[in-house]
Amino acid sequence: MTINKTTCLLKDSGLDSSFWAKAANMAVYLKNLTPSKNINFEVPFKRWFNKEPSLKNLQPFGCLGIILKQKLDGKFDESGSQGICLAYGETQQSYQVMDSGNVKITHHVKFLLTEFPLLKIKEISAHHHSFILVPNETETLPVEDTPISNDPNLLSKYETSHKNSKNPLIENPPTIQTQQPSTKGYMWVPENEILGNFGDPRNILTHQRQQKHHPNLVDHLSLDPKTYQEAINGLNSQGWKNAIKAELNNMNMHNVLSPVGTDPNNKPLSTTWVFKRKTDENGNLSKYKARLCIRGFNQKEGVDYSENRNNPFLLFVHVDNIIFGQTWNEKFKNQIKTFFEMEDLGYVKYALGIRISQNKEHISLIQDTFIHQILNEFNVNQVRPPSAPLPSNYKDLKNLEGKPVELPPFNFRRAVGLLQYLVQCTQPDLSFATSFLSQFLEYPKDKHYKAIVHTLKYLSGTRQFTLNLGKNLIMHPDSQIYGFTDSHWGGGTEKKSFSGSLIYFHGALGWRAHKQKVVALSSAEAEYNVLTESAQDLSWVKQLIYESTNKELFCVLHSDNQSAIAIASNPVYHHGTRHIKF
Numbered sequence: 033m034t035i036n037k038t039t040c041l042l043k044d045s046g047l048d049s050s051f052w053a054k055a056a057n058m059a060v061y062l063k064n065l066t067p068s069k070n071i072n073f074e075v076p077f078k079r080w081f082n083k084e085p086s087l088k089n090l091q092p093f094g095c096l097g098i099i100l101k102q103k104l105d106g107k108f109d110e111s112g113s114q115g116i117c118l119a120y121g122e123t124q125q126s127y128q129v130m131d132s133g134n135v136k137i138t139h140h141v142k143f144l145l146t147e148f149p150l151l152k153i154k155e156i157s158a159h160h161h162s163f164i165l166v167p168n169e170t171e172t173l174p175v176e177d178t179p180i181s182n183d184p185n186l187l188s189k190y191e192t193s194h195k196n197s198k199n200p201l202i203e204n205p206p207t208i209q210t211q212q213p214s215t216k217g218y219m220w221v222p223e224n225e226i227l228g229n230f231g232d233p234r235n236i237l238t239h240q241r242q243q244k245h246h247p248n249l250v251d252h253l254s255l256d257p258k259t260y261q262e263a264i265n266g267l268n269s270q271g272w273k274n275a276i277k278a279e280l281n282n283m284n285m286h287n288v289l290s291p292v293g294t295d296p297n298n299k300p301l302s303t304t305w306v307f308k309r310k311t312d313e314n315g316n317l318s319k320y321k322a323r324l325c326i327r328g329f330n331q332k333e334g335v336d337y338s339e340n341r342n343n344p345f346l347l348f349v350h351v352d353n354i355i356f357g358q359t360w361n362e363k364f365k366n367q368i369k370t371f372f373e374m375e376d377l378g379y380v381k382y383a384l385g386i387r388i389s390q391n392k393e394h395i396s397l398i399q400d401t402f403i404h405q406i407l408n409e410f411n412v413n414q415v416r417p418p419s420a421p422l423p424s425n426y427k428d429l430k431n432l433e434g435k436p437v438e439l440p441p442f443n444f445r446r447a448v449g450l451l452q453y454l455v456q457c458t459q460p461d462l463s464f465a466t467s468f469l470s471q472f473l474e475y476p477k478d479k480h481y482k483a484i485v486h487t488l489k490y491l492s493g494t495r496q497f498t499l500n501l502g503k504n505l506i507m508h509p510d511s512q513i514y515g516f517t518d519s520h521w522g523g524g525t526e527k528k529s530f531s532g533s534l535i536y537f538h539g540a541l542g543w544r545a546h547k548q549k550v551v552a553l554s555s556a557e558a559e560y561n562v563l564t565e566s567a568q569d570l571s572w573v574k575q576l577i578y579e580s581t582n583k584e585l586f587c588v589l590h591s592d593n594q595s596a597i598a599i600a601s602n603p604v605y606h607h608g609t610r611h612i613k614f
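Take the position in the sequence shown, starting the count at 1, then add 32; the result is the number in this note's numbering.
Worth double-checking, as some hints may not be accurate.
[What the hints assert, rightly or not] If you anchor each label on the Cβ, the simulated ranges turn out as follows:
1) Asn391 with Lys363: 19 to 25 Å
2) Ser86 with Gly334: 52 to 58 Å
3) Asn500 with Gln471: 30 to 36 Å
No lab work stands behind these hints: they were computed from the structure.
Glycine included, every Cβ here is placed at the ideal spot set by N, Cα and C.
All chains, please: the whole structure from these sequences, using the hints.
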């Protein structure tokens with residue numbers, strides 16, 4: 033049933049098979065709004081949500097939509113652009129529209145119910161054979177620095193295994209020649225497992241108060257293709273084709289693949305392509321990468337492999353990009369080049385979302401580009417940032433009374449995870465806020481969503497802050513490792529205290545904030561617990577520096593609690609501390 037509806041939607045809209053996922057999601061969505069005989073002709077939507085579905089906002093799949101621009105650069109600029117209706121948004125009266133190849137979600141669109149642009153293009157092509165539809169030109173970006181073979185049959189050898197492909201390799205699907213909006217924006221569509229998945233599991237964020245102007249638009253984050261057909265038939269197909277050729281040529285050069293006969297009784301393991309866009313230190317697209325991988329998870333014990341304890345072997349793995357630092361860099365590089373083909377890219381500038389710059393005195397780490405993408409994803413741009421990561425009444429968040437949010441505005445768990453990555457890398461000021469909010473991952477309430485939006489707004493004001501680390505200061509005569517600790521005892525509704533600590537050596541080397549594992553009976557005990565944890569961290573850093581430089585440094589540990597300092601300085605037997613093991 034779903035397949036038939038999907039086929040009809042594609043046929044009636046003029047969209048090709050590369051949009052099958054969108055059409056299938058729309059078919060499932062409509063099916064959930066249609067009475068089903070399996071449940072006594074009730075509507076599945078009503079059965080699940082216990083309310084009548086609204087049908088007034090239904091629009092034809094693939095029809096033309098006029099999208100209102102949020103801001104014009106000049107008086108005579110176009111106030112709208114054309115798009116195609118693909119799906120419905122999670123919020124009321126919002127739609128998922130494809131505009132210039134980008135899938136967006138917006139409230140500000142008016143649909144022409146009888147206009148199907150791609151269907152008209154197909155009709156024109158069928159009746160006027162002299163008319164040639166030219167696909168959108170795509171800028172080809174550099175790929176791997178591996179010389180591509182001049183053998184024209186290199187890629188065709190691989191294509192023969194894809195017999196199910198309906199579209200030729202060298203053709204792009206028809207696309208609408210529409211103008212790209214001058215200001216970017218619109219929000220990603222959240223995943224809905226009941227009404228169908230309308231795209232990437234990223235979510236949208238709605239403003240709590242109405243504004244007179246339209247909501248600010250955010251940058252569109254392109255998605256990497258999930259399948260081979262999607263890569264060679266979708267947008268930027270030429271860039272992906274070049275990446276595929278480079279990968280096959282690289283395998284051919286290193287004799288990775290060799291043709292062998294197959295056993296008709298055993299089905300060989302299949303392969304899959306993994307596609308990834310690479311960006312530079314500014315977040316701009318630099319090249320396309322493609323990797324051919326075997327589906328090793330389909331192996332069966334006794335058929336594809338068997339345990340043999342008599343012939344052990346060692347498996348050596350190396351990655352494409354490595355970062356190393358040492359005083360004898362040239363010697364290390366020469367040693368690596370004797371075993372692997374290696375290209376020296378110079379000083380590292382961008383790695384794992386971190387932009388790195390350095391001079392003779394400092395190494396600076398900043399994640400402004402990554403933070404910009406996070407704020408765009410949750411539509412928290414152009415806001416007035418608060419002065420603290422958490423609201424002043426954050427203690428009330430521990431009160432878990434109230435109903436869960438029926439339709440979450442965004443993925444709370446994903447937002448906390450993104451903040452946690454920032455904390456691990458360059459944002460120590462978010463340590464406590466992230467640790468505190470991570471307590472509510474399972475059943476977040478509306479106030480928890482508001483609290484994390486508050487944290488994201490705070491992040492918008494600190495995105496340009498850098499983490500500076502000193503260089504060449506190990507041998508300085510005054511070099512010492514410092515530790516700073518603090519604890520929050522008796523200030524919340526629960527018994528366990530929160531700890532916070534920071535290790536400083538010519539820059540912040542490590543930090544953490546977390547709930548203590550034991551219940552402290554006093555503020556002195558809570559402070560003493562975090563002193564113990566920080567002393568362990570100091571000992572580890574001291575040993576690491578000693579093994580690297582053969583120099584032993586002094587450690588200084590700071591605390592603002594006189595009782596904890598007294599206990600640590602003179603661990604005598606006392607009635608209030610007899611349960612603590614020194």
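Hints, verified against the model:
For the hinted restraint 19 to 25 Å between Asn391 and Lys363, the CB-CB distance of approximately 24 Å keeps it satisfied. Ser86 and Gly334 have their C-beta atoms about 55 Å apart, which keeps the hinted 52 to 58 Å range intact. Distance hint check: the CB atoms of Asn500 and Gln471 are about 32 Å apart, consistent with the given range 30 to 36 Å.
The earlier numbered hints are all upheld by this structure, with none contradicted.
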